[in-house]
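Visitor: Fit chains B and C to the given chain A structure using the hints.
Taken in order, these protein sequences are the chains called A, B and C.
Counting with my numbering, you get residues 2 to 478 for the letters of the first sequence.
Counting with my numbering, you get residues 2 to 478 for the letters of the second sequence.
Counting with my numbering, you get residues 2 to 478 for the letters of the third sequence.
Please note that a few of the clues may not be correct.
Identical copies carry no separate label here, and so any pair may be met within one copy or between two of them.
Said to hold, decoys possible - List time: in silico BS3-like cross-link candidates among lysine-lysine, alpha-carbon distance up to 27 Å:
| hint | residue 1 | residue 2 |
| --- | --- | --- |
| 1 | K139 | K288 |
| 2 | K139 | K429 |
| 3 | K139 | K211 |
| 4 | K446 | K120 |
| 5 | K112 | K341 |
| 6 | K250 | K211 |
| 7 | K48 | K330 |
| 8 | K433 | K446 |
| 9 | K365 | K433 |
| 10 | K96 | K48 |
| 11 | K341 | K318 |
| 12 | K48 | K318 |
Hints listed in this document are in silico derivations from the structure and should not be mistaken for laboratory results.
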Amino acid sequence: MRSENIISNKILIVTFLTTLLFLIGITTQVVAEESPCIACHKTITPKIVDAFQSGAMGTPGIQNPTASKMAGGLSQISCENCHGLEHNSAADFTKAKMPTPDTCDACHAPKVVEFNEGKHALAWIAMNAMPGTTHQAKPIIGGQKGCGGCHKMGSKNKTGIPEYRYGMGSCDSCHTRHKFSTAEARRPEACLPCHMGFNHPQWEMYSTSKHGVIYAMQGDTWDWNKHLSENPYPAPTCQICHMTNGNHKVITSWGFLAVRLPEPDSEWMSYRTIILKGTGVLDPDGKPTARLDVVKAGKVARLTAEEWQAQREAMLKVCGQCHSANYAKQNLENADAIIKQADALMAEGISTVAELYKDGLLSKPKDYAYAYPDLLTFYEAPSPIEQELYGMFLEHRMRTFQGAFHMNPDYMHWYGWAPMKTSLNFIKDEAKKIREGAAIETRVKQAAAAYPLSIAAIVIGAISAIVVAILVGRKTG
Amino acid sequence: MRSENIISNKILIVTFLTTLLFLIGITTQVVAEESPCIACHKTITPKIVDAFQSGAMGTPGIQNPTASKMAGGLSQISCENCHGLEHNSAADFTKAKMPTPDTCDACHAPKVVEFNEGKHALAWIAMNAMPGTTHQAKPIIGGQKGCGGCHKMGSKNKTGIPEYRYGMGSCDSCHTRHKFSTAEARRPEACLPCHMGFNHPQWEMYSTSKHGVIYAMQGDTWDWNKHLSENPYPAPTCQICHMTNGNHKVITSWGFLAVRLPEPDSEWMSYRTIILKGTGVLDPDGKPTARLDVVKAGKVARLTAEEWQAQREAMLKVCGQCHSANYAKQNLENADAIIKQADALMAEGISTVAELYKDGLLSKPKDYAYAYPDLLTFYEAPSPIEQELYGMFLEHRMRTFQGAFHMNPDYMHWYGWAPMKTSLNFIKDEAKKIREGAAIETRVKQAAAAYPLSIAAIVIGAISAIVVAILVGRKTG
Amino acid sequence: MRSENIISNKILIVTFLTTLLFLIGITTQVVAEESPCIACHKTITPKIVDAFQSGAMGTPGIQNPTASKMAGGLSQISCENCHGLEHNSAADFTKAKMPTPDTCDACHAPKVVEFNEGKHALAWIAMNAMPGTTHQAKPIIGGQKGCGGCHKMGSKNKTGIPEYRYGMGSCDSCHTRHKFSTAEARRPEACLPCHMGFNHPQWEMYSTSKHGVIYAMQGDTWDWNKHLSENPYPAPTCQICHMTNGNHKVITSWGFLAVRLPEPDSEWMSYRTIILKGTGVLDPDGKPTARLDVVKAGKVARLTAEEWQAQREAMLKVCGQCHSANYAKQNLENADAIIKQADALMAEGISTVAELYKDGLLSKPKDYAYAYPDLLTFYEAPSPIEQELYGMFLEHRMRTFQGAFHMNPDYMHWYGWAPMKTSLNFIKDEAKKIREGAAIETRVKQAAAAYPLSIAAIVIGAISAIVVAILVGRKTG
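The shape of chain A in the complex, shown without the other chains (with noise of 0.2 Å):
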């Protein structure tokens, strides 16, 4: 009997779960078919369904531990959720929300306060910082295409850049849309769309390198589902080192430019602030301009001492999980030693051009603030000697110093000293050749000037010869 009731009591039990799964099952089923939206989009956008529903936020089930927020009546997150609630036609398309930050904020809240404490959140300060940038038409600087194709990431106030409705996202840099995977997030090519190319090539830096080797033979069969405080990885990706335990306030010792103040070497100090001068933050007199409002603005330079050396012992914990704190150590420094030569060569290029502009060789652009050579106008420069310093600045100091801490020789040495060597070498044989111009230039006016008085001088010997043989034969005659 005993035995009997147990086994009454388990059929009791598995059908009593058996039905409650059941149950749950048709609810998240009817739910999620209940969303108008996916009904419609599986056919007219399908893959965007598929993406979604791929994803943990349209798993059915998984529900929003805010669940009153849930739009629309739905206990499940949908696309109302981000989107609102307005959409119900292909005529009214343009009532669909575009999600930002805040719209992420009402579920992941301590990941956005770290994004809006790092840099990520500044870029759009950016896009109109750079004096060249505003003299760009709208496709090559906007949205979707241009600078602003990266640069969106960054929160967008009230900055007067003209916006695309489509694509101005931030979260979704990383986590791509429609599926907001953290796996995905986590593996070093999350960075790479916008940390490539021409000035912030740290993708292939990183993917040449030992460490991105080691990822690039071994990474498929790690394991992304852990939590990066996990670090479950036997080489770095762009996360371990610079999202260290997943926190999203990305920022590091040099910044975008690598300037720090103060800079307790003199000699240092005095190369930092002739670039200083060449990026307009300091006036040819040395005087801080608004421009620093906006690198302060925009952190892309370190301002005490303690925000850079909190930075720098934050990487030395990372690089010290895999080597002895001595050897980080001495790598780092080796990195910093690196930028105060570049420094040196930068330095020396800027204070050659600035002297045609002090010699008058060099006229000031009228939309310029001094006679000074401004790196920030990039390909606006006004003479190929001045883009020659752009590239010098923007292309290869960067090259430079972010090869020497992305532990790639080929790119520190040869994609940045070396053409900052040769970049040298043209600007100080232009800025000679300019004063040789402008001395034959004077030379050919005076040269010039002997022609007609030469001229003159036959004239006149001549009629004077005339004149005075005519006067001697008057008089003798």
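Guide: Below, chains B and C alone, put in the same frame as chain A:
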């Protein structure tokens, strides 16, 4: 009794089928081993045999539907089908036929028809269409290692271009010999060996774009055996956009040159006219030249509005699988707008050089048809200013528009637009220097003439003085 | 009875073996845990310990055949074998020995012997062979981040080049510490961190060639634990061609400089003689200099016909596994022919600059041995024309011939040949400008002299006229 009968019947059937399968197995085995090629090449070039046998055509039992066409009396596809029956020993290796698309056509006619309608079949035309290529030595241009290394994909007819015996096929450009895998040809890397580098870095652009990054992270887990028409991937590959549904007719809206006719935007048309003059498709007076026929034959530009529109609409459908119709439309139109911006710079560059020809400051090279820059001479351009112009056109304008369409803001902006601006700055400065140089030359010549004149003046003056003095002395003596 | 005995015997044997295995297990475990290094470093640098223990040498039970050499009384390979016994606390970390190939030689002598016969062991020689390198600051050249970052693979002897304590090993260049994996070292990415970039982009060439593309698509499924002599891959890797059968003696036919002696082709020899003068291996009169000894010591060129031929034949065997003997031969000979074409351009470039030295239009830098261009000064070349010449040699000639041999038509043609042509155009134009500039300088100097002369003429003429007029007036007055 009945059940016994059934069993015995079953045994009979099983025995029969087993025997049949066994015999098929033997036959197949025998056929594969009978091919005299394989027996010998297993020793000589073992990996060709491995590759062939690992592919669908070399798998025993995979029979050609057109079995009557089987070569050498074999009932199984083997080496003889493509290489003929004439090569039988090491001594007569030159008798082995080298396959062409016609060889593949025997079994894959519909795909060869599609291939022949697209641009890939026209690739060989470029080989002697460019005025610069015919100047190069054979190893630089020929079929294996230079331009021909990729352009060999085109159909080889009587083009007058010297070919090599080896590596001159077409289908094996993507379906690598001797496996000829469809799964392999569906992966984006199949396009890579040709669509990379200087003037067509589509691989670099795609693989570092968001689209390519999703492939890089997940591609190894996708099912490459599915037909392209099923589009089983969450992100596009080259093939999904450019070989939709597996159609081998590859062609794009804008073509290689990013030129379409007619152009409704008159401002843009004025830029394009100058580009067409610069490419020698129009003469300096705007009249079509013989090169227009090459452009038509090679399909490197769209020459009717319908042709362009058909490709655009096909692409919008592809984009529409993942993006809203409006997003896709706006995105492609932004890319169109970038071509216009790039064309404005390009036209200014061409015009600046053309003015130098017009003013006699550059002289017409003897192999040029007109006193006008010819962008298609490439690196045979006669002066640094024209070398810069060719780079501006073939490297940087290409990257500007290709980067815009391949979702790569860094390529568009920093490897396209930025160096176009730098090139234009150089071209304008160099033109100014050429003009100033000529002016100085004139003034120096004039000034130099002053030297003998002033000597003459002194001599004449002195002689006159002496003569007069003598005369005066004599008269009054 | 007998069967019982058998059973009981079996039980005995099984018990004995189990006990034995258990004891071995315990022993091994104990040994691994006994190493005092590991206990401490598990906390300090956990990932070094993980890496070591994930490799063959760190796997308990994998014993060294030369167990008598085991360090610290351990019967298991552990940290002490390579780093010695002297470092025992955080304070004395400098006492930890840093391994060299001699360390590895204790157990892997045959491989170290092979390594020492090849070019990799000679990599450090280049560090002070180049006249430009000794000019650079230590961080630029030293062992971690600049040239030394890769060249450290070479054997370090008394070369006078400052080394760093860390990262100066050799074997770990490919067998990454502390796993020292053979499987990893067999993958082409093992070569990548050094064979990439400016003057040796073999990775870029391979990975975008048909060979590399097959690896990219399939490589993850290949068996990397098989010995290279089995060549289990359908497409070649770096190692299959350059470390055939796993031979660590890496050396190529053409060497780093693509120079061989003697050269039977007299036309080609005339180009090569100029290249040897340009690299300072011959003096301007064609006599060998001290640099020839460096070329010999560093094996960067083949100096006998036999040496060259032996490597060519080895390579033909490798190619012959997949390609017909005739295909392989023709393909490599086409690449040879491309070197000749590139050498013709290179020689013209060198000669153009050499003529400027000869005519006194470039003056000998004080650290140059001869009034002749020196390609090995690299980016320290004294003028833009020589900077261009160094780029033509070290970036573009390299890519031309390396691209030809690595089956990459785009690198050969567009990143090699095309910029060689552009460089030559610039060099010839710059030489013309230097000559014209000098001529103008002379004429301007001469013309400038006309100015005082014509003033003098006027003054003399006027004075003469006045004097004569006075004389005439006085005489006839």
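Visitor: So which hints don't hold here, by number, going up?
Guide: 1, 4 and 5
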